[in-house]
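Here the protein sequences line up with chains A and B, keeping their order. Residue numbers for the first sequence follow numbering that gives the first Met the number 0, so the first one is 0 and each next one is one higher. Residue numbers for the second sequence follow numbering that gives the first Met the number 0, so the first one is 0 and each next one is one higher.
Derived by calculation from the structure, the hints in this document are not laboratory data. Each residue gets a CB set at the ideal place from its N, CA and C atoms; glycine is no exception. It is possible that some hints are incorrect.
Which bits of chain A does chain B cover? Going by a derived footprint, with three or more residues having C-beta under 8 Å, they are [claimed, not checked]:
1) 183-193
2) 223-230
3) 274-280
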Amino acid sequence: MLDKGVHPHFDHLIDLTKGEINRKIFSDPEIYQTELKQIFARCWLFLGHTSQLPNENDFFTAYMGEDPVIVTRHSDGKIGAFLNMCRHRGNRVCRADSGNQRMFTCPFHGWTFANNGNLKTVPGFKQCYHEELDMESHGLVPVAKIDNYKGMIFATFDAKAPSLEDFLGDMAWYLDMMLDRREGGIEVLPGTHKWRIKCNWKFPVDNFIGDSYHGPVSHGSAWESGFEGMPRRKKGYGYEGFQINAGNGHGFGARWAENEEQVYEMALPEFLDYEHDRFPETHSRLGDLRGMHLSPMHGSIFPNFSMLWQSGNIRVWHPRGVSETEGWSWCFVDKKAAPDHRDMVRIHDLQRHGTSGTWEQDDVDNWVQSTKSSKGYVGRQFAQNLSMGVAHEIEDPKTIHPDMRGRVAGFQNEINQRQLYAQWAKMMNGDTPDVPGATV
Amino acid sequence: MSTDIRAISDIDLWFSITQFYSREARYLDDLEFDKWVGLLAEDLRYWMPIVSNRIGRGIGSELTERGHLAHFEDDYVSMSNRVKRLATGRAWAETPPGRTNHMVSNVEIVGKENKMVQVTSKFLIYRSHMETDQEVFSGTRKDVLREDADTTWKVADRTIVLDHAVLMQKSLGIFF
Numbered sequence: 000m001l002d003k004g005v006h007p008h009f010d011h012l013i014d015l016t017k018g019e020i021n022r023k024i025f026s027d028p029e030i031y032q033t034e035l036k037q038i039f040a041r042c043w044l045f046l047g048h049t050s051q052l053p054n055e056n057d058f059f060t061a062y063m064g065e066d067p068v069i070v071t072r073h074s075d076g077k078i079g080a081f082l083n084m085c086r087h088r089g090n091r092v093c094r095a096d097s098g099n100q101r102m103f104t105c106p107f108h109g110w111t112f113a114n115n116g117n118l119k120t121v122p123g124f125k126q127c128y129h130e131e132l133d134m135e136s137h138g139l140v141p142v143a144k145i146d147n148y149k150g151m152i153f154a155t156f157d158a159k160a161p162s163l164e165d166f167l168g169d170m171a172w173y174l175d176m177m178l179d180r181r182e183g184g185i186e187v188l189p190g191t192h193k194w195r196i197k198c199n200w201k202f203p204v205d206n207f208i209g210d211s212y213h214g215p216v217s218h219g220s221a222w223e224s225g226f227e228g229m230p231r232r233k234k235g236y237g238y239e240g241f242q243i244n245a246g247n248g249h250g251f252g253a254r255w256a257e258n259e260e261q262v263y264e265m266a267l268p269e270f271l272d273y274e275h276d277r278f279p280e281t282h283s284r285l286g287d288l289r290g291m292h293l294s295p296m297h298g299s300i301f302p303n304f305s306m307l308w309q310s311g312n313i314r315v316w317h318p319r320g321v322s323e324t325e326g327w328s329w330c331f332v333d334k335k336a337a338p339d340h341r342d343m344v345r346i347h348d349l350q351r352h353g354t355s356g357t358w359e360q361d362d363v364d365n366w367v368q369s370t371k372s373s374k375g376y377v378g379r380q381f382a383q384n385l386s387m388g389v390a391h392e393i394e395d396p397k398t399i400h401p402d403m404r405g406r407v408a409g410f411q412n413e414i415n416q417r418q419l420y421a422q423w424a425k426m427m428n429g430d431t432p433d434v435p436g437a438t439v
Numbered sequence: 000m001s002t003d004i005r006a007i008s009d010i011d012l013w014f015s016i017t018q019f020y021s022r023e024a025r026y027l028d029d030l031e032f033d034k035w036v037g038l039l040a041e042d043l044r045y046w047m048p049i050v051s052n053r054i055g056r057g058i059g060s061e062l063t064e065r066g067h068l069a070h071f072e073d074d075y076v077s078m079s080n081r082v083k084r085l086a087t088g089r090a091w092a093e094t095p096p097g098r099t100n101h102m103v104s105n106v107e108i109v110g111k112e113n114k115m116v117q118v119t120s121k122f123l124i125y126r127s128h129m130e131t132d133q134e135v136f137s138g139t140r141k142d143v144l145r146e147d148a149d150t151t152w153k154v155a156d157r158t159i160v161l162d163h164a165v166l167m168q169k170s171l172g173i174f175f
């Protein structure tokens with residue numbers, strides 16, 4: 000049985016009417032342990048993209064919270080995910096980050112598992128175990144549910160979790176602006192940036208979901224030195240756009256184009272030809288709102304997936320203790336994009352985002368500083384301020400456009416961060432996870 | 000310096016290259032980034048692929064290839080822009096700047112042709128930042144250096160392989 004202890008209530012740490020967050024949630028080791036259980040063992044977590052497993056028996060390793068998993072494509076074509084943990088002594092059965100294998104052998108005593116999780120051989124099954132070990136119940140621990148939305152693979156360890164479709168809700172419809180704007184969708188390029196940041200995992204998620212306010216200050220140096228971002232925008236804080244909260248803690252920020260001409264105005268010069276090339280297809284696939292008006296920039300899917308839609312960047316923030324996070328960042332391109340455009344997207348992305356990114360470096364430093372400030376007793380007596388635009392949500396988003404979904408506010412509004420922490424409190428207060436087959 | 004490097008003895012050539020690398024490291028450690036950019040060729044290729052863990056049949060394919068994601072895939076213009084960014088005074092991750100020591104060793108000349116030499120070397124870089132942040136970077140550089148009348152050599156092509164699969168450094172804000 001899993002620990003089913005009664006949880007303290009977390010609502011009092013989040014004040015949505017004032018937009019104030021208790022800094023304790025970024026520094027308390029007990030709260031962190033509860034997050035591993037209430038959030039990372041319950042939510043659907045992003046593992047990777049189907050284009051990373053093109054062939055039978057391909058695999059890559061990933062994490063769900065602090066739990067290592069292997070994601071495999073079995074010879075029957077099915078994608079599965081399993082704890083990377085031998086059922087004997089718990090050692091990792093796979094020490095590679097990716098590859099192609101049918102079997103995984105534990106380096107400790109040699110228990111060998113197939114890539115569908117089944118325990119196949121145990122050395123000394125007869126002589127040492129007297130044929131009494133139940134092979135069937137000692138396979139690799141599978142996730143409770145695994146599914147993909149247009150190629151994006153998610154899994155959860157909680158048998159009681161809603162379907163992926165329900166979990167994503169309206170966010171799936173908005174994600175089509177990334178995943179379905181061209182025929183064939185996207186593919187993820189080989190290569191993952193992986194790096195450790197001494198920050199609480201929630202700071203980067205918060206930054207990506209709704210902090211369009213930090214750009215001019217944090218990223219001014221990059222923007223001025225030739226590392227422009229996109230969509231291009233006017234200087235200052237007044238530019239047009241919206242923060243859109245899709246529910247369940249998911250949200251994003253987008254610029255607004257009144258017409259096709261403005262779509263091109265926002266494009267970087269090197270991407271302009273491609274924007275002309277893809278626009279008619281996107282517009283006919285997704286319609287006016289998603290195919291023309293909205294130019295999404297930044298967003299997060301609860302709890303720890305973030306994206307920079309038009310920079311071709313997606314990432315996951317793996318928790319590594321209350322004060323440390325491991326970023327995993329990938330570059331994606333439209334499957335239909337020609338080689339020269341792929342080169343431009345990749346170079347645009349890596350020179351701005353990820354390990355050496357001229358934007359990312361300064362973000363990382365912000366999150367480290369925010370984490371440090373959450374450690375002092377006195378500092379913690381003063382709230383984290385997310386009050387921007389607290390009384391300024393747009394009352395009826397349908398007045399912006401009849402197809403608009405979710406809750407909407409102006410581009411400079413911390414609605415998405417507030418809703419992120421509201422979802423955090425909801426999950427922390429909620430039911431405990433039901434990990435199928437758990438034995439302790 | 001002779002215009003035909005084939006005429007230089009190996010020991011003189013080796014000495015010239017190690018002196019060049021020491022000077023390059025000093026520019027970086029002393030934050031003289033404009034001088035450092037002066038050591039880069041205008042047709043520079045500056046590339047740091049990503050290393051990952053492989054086993055079995057995957058051994059030998061640990062590095063990402065051209066066309067895959069990399070830590071750096073830069074040219075002369077983008078490296079100059081990275082340096083320009085540091086000079087704005089608002090590159091917060093380097094404000095105040097980190098203190099580095101670039102140690103370059105195991106310098107081996109693996110090829111020479113006309114005015115070009117191919118050189119492999121190892122590096123160990125220590126970086127201290129703010130109060131207590133400490134970072135160590137270790138790895139290998141594979142360079143193509145081109146003879147230059149002003150600076151003795153210019154870096155025309157540099158491939159950097161960091162040893163870290165998961166970087167324990169908060170970012171790659173320094174140069175290699």
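Comparing the hints with the structure gives:
For a cut-off of 8 Å, the count of residues in the stretch 183-193 of chain A with a CB near a CB of chain B stands at 6, and the three-residue condition holds. Closer than 8 Å: that is the beta-carbon criterion, and the stretch 223-230 of chain A has 4 residues meeting it against chain B, so the requirement of 3 holds. Coverage of the stretch 274-280 of chain A by chain B is violated. Counting CB-CB distances below 8 Å, 0 residues qualify, and the rule asks for three or more.
Checked against the numbered hints given earlier, the structure breaks only hint 3 and satisfies all the rest.
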